[in-house]
Amino acid sequence: MVIPAAVRAAIAEHARAELPNEACGLLLLDGDQAVEYVAGENASPSPYFFELRLDPVAWADIGDRDLEQAVVHSHVSAPPRPSRTDVERIGLWRDRPYVIYSVRLDELAAWRVSPDGYEPLPLA
Amino acid sequence: MTVVRIPPTLRGEVGGARQVEATGETVRDVLEDLVERHPALGNQILTNGGIAPFVNVYLGGEDVRTMDGLDTTVPDGETLILLPAMAGGSSQPWTPAVARSLLDLVGQTPLVELPRISPKESVTIYAKLEGQNPTGSIKDRVAKAMIEAAEASGELEPGRALLEPTSGNTGISLALVAALKGYPLTCVLPENATEERKRLLRLYGADIVHSPASEGSNGAVRLALEMAEADPRWFVPFQYANEANPRAHYEGTGAEIATALDRVDVLVAGLGTGGTLMGAGERLRETFPDVVIAAAEPLPGDPVMGLRSLDDGYVPPILDVSRLDRKVLVSNEQSVAAVRELLRLEGILGGVSAGAAIHVARRLAAELDEGVVVAILADGGWKYLSADFWDAPEAGVEQSMESTVWW
Numbered sequence: 001m002v003i004p005a006a007v008r009a010a011i012a013e014h015a016r017a018e019l020p021n022e023a024c025g026l027l028l029l030d031g032d033q034a035v036e037y038v039a040g041e042n043a044s045p046s047p048y049f050f051e052l053r054l055d056p057v058a059w060a061d062i063g064d065r066d067l068e069q070a071v072v073h074s075h076v077s078a079p080p081r082p083s084r085t086d087v088e089r090i091g092l093w094r095d096r097p098y099v100i101y102s103v104r105l106d107e108l109a110a111w112r113v114s115p116d117g118y119e120p121l122p123l124a
Numbered sequence: 001m002t003v004v005r006i007p008p009t010l011r012g013e014v015g016g017a018r019q020v021e022a023t024g025e026t027v028r029d030v031l032e033d034l035v036e037r038h039p040a041l042g043n044q045i046l047t048n049g050g051i052a053p054f055v056n057v058y059l060g061g062e063d064v065r066t067m068d069g070l071d072t073t074v075p076d077g078e079t080l081i082l083l084p085a086m087a088g089g090s091s092q093p094w095t096p097a098v099a100r101s102l103l104d105l106v107g108q109t110p111l112v113e114l115p116r117i118s119p120k121e122s123v124t125i126y127a128k129l130e131g132q133n134p135t136g137s138i139k140d141r142v143a144k145a146m147i148e149a150a151e152a153s154g155e156l157e158p159g160r161a162l163l164e165p166t167s168g169n170t171g172i173s174l175a176l177v178a179a180l181k182g183y184p185l186t187c188v189l190p191e192n193a194t195e196e197r198k199r200l201l202r203l204y205g206a207d208i209v210h211s212p213a214s215e216g217s218n219g220a221v222r223l224a225l226e227m228a229e230a231d232p233r234w235f236v237p238f239q240y241a242n243e244a245n246p247r248a249h250y251e252g253t254g255a256e257i258a259t260a261l262d263r264v265d266v267l268v269a270g271l272g273t274g275g276t277l278m279g280a281g282e283r284l285r286e287t288f289p290d291v292v293i294a295a296a297e298p299l300p301g302d303p304v305m306g307l308r309s310l311d312d313g314y315v316p317p318i319l320d321v322s323r324l325d326r327k328v329l330v331s332n333e334q335s336v337a338a339v340r341e342l343l344r345l346e347g348i349l350g351g352v353s354a355g356a357a358i359h360v361a362r363r364l365a366a367e368l369d370e371g372v373v374v375a376i377l378a379d380g381g382w383k384y385l386s387a388d389f390w391d392a393p394e395a396g397v398e399q400s401m402e403s404t405v406w407w
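Protein chains in written order, with the numbering used here: chain G, 1 to 124; chain H, 1 to 407.
These are computed hints drawn from the structure, not numbers from a lab. Yeah, the Cβ is synthetic: ideal placement off N, Cα and C, and Gly gets one too. Some hints here could point you the wrong way.
[Stated by the list, open to error] Heads up, incomplete: computed chain H residues facing chain G, CB under 7 Å, no partners named:
1) T9
2) G12
3) I81
4) M86
5) G89
Modelling step: build the complete structure from the supplied sequences, incorporating the hints.
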């Protein structure tokens, strides 16, 4: 996965703006190239939890474009590794691109998560 | 006929289609018909007679869970949207196995249940043990937040020196943060503050300026502000008016409690600067809208160490009294009795203001039929060991505390 600097900056900026809570959104990918970050709303605002909320029609429309999607959320201080909660709540997103940004470490990492665990998705 | 928009995550189960058709009068009928037509969807849409946990269903752009759920009527020609329900998060406050700095260990203090202190089984009292911060008090949160906020705003730069009127915990916390970040710190304190306090401040690297004993802590404030006016090199964090103080409790103390507990009916904290009550109270109200924010306030003319009576004439600018739901007056004697009991019954050696908070927590717990009370214990009792009250007979407590200015 390739995340250009401007897209990465948009994720980092949103994550910082949401402090002290976690931020979440969607990353749109053309092939392995990230092209846009769509900031979502954290419907359960908390420093340790997120619940992604986007306008449902807008999200459904995104799903009809020929783009891959990655769910993005921030960890306020933990490293950008899927937590137990992330794994338990992966649900329909299993084995799909999943991006975590650690605000404290200013690190971004991508994963494929399944209920059994997770694997890194190399970032170029 | 209803159009159902399928998210990419479920298209494999419907032959790759972006949308499919199904019929039914209610959301339940439509979804059951959908699963019947596309059995590969299995229990990903409906489980145990409800909407499956990892899917959200929208009708007219609205989550059907906020309408009548599966019984919501689907008007003919309306579109249903299925989307993944995505949630997660770091889940636990993360503490590194090895900290890079003592400042990384500020906050994330434990909550412990106090079954022997609680007056009834149906009410649970939890204590938040702020004494477990690096210098042993809740003020580590405030000192770190005030200095980092001033650094971030550019107000505090290398070469400036910190000045704060305090003989109490804030001084010790500021001394730690200042030392680790390389700023000199001077504390202004009344001449008659205990030798124990002065020694501790000096050990942590602070310089000390004395204000007249007769003017008490207000005299220390006056002198510090005069010094700052005369010499712009000083930066005075001034916890009573610094917004970073309540913010530290909003983002830290309050958020930690909101994450740890599923229910909070009453929050009790001592009234000092008002930072804890304002910040943690605000944060808890967001999660528990009906929570009662209760201040333990000393009786006028009967100072409890670390606490402040509003009747003494100074209302800290960060304190908005209208945001307090209850103010419960506590005498010194009650505070000391409670702190001794806390040690005897629960094994917790708290400071005197912790005793005041426990006294109020018990009283408010007794008013509830059931529920959860959280008391914030600002520090431990270690710094007060030279006080006579620990082993004075109950009646001698008052007298044993009158002779010294502690805070």
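Exercise for the section: Kindly indicate which numbered hints from before are broken by the structure, ordering the numbers from low to high. Expected result: Number 2 - this is the single hint that the structure violates.
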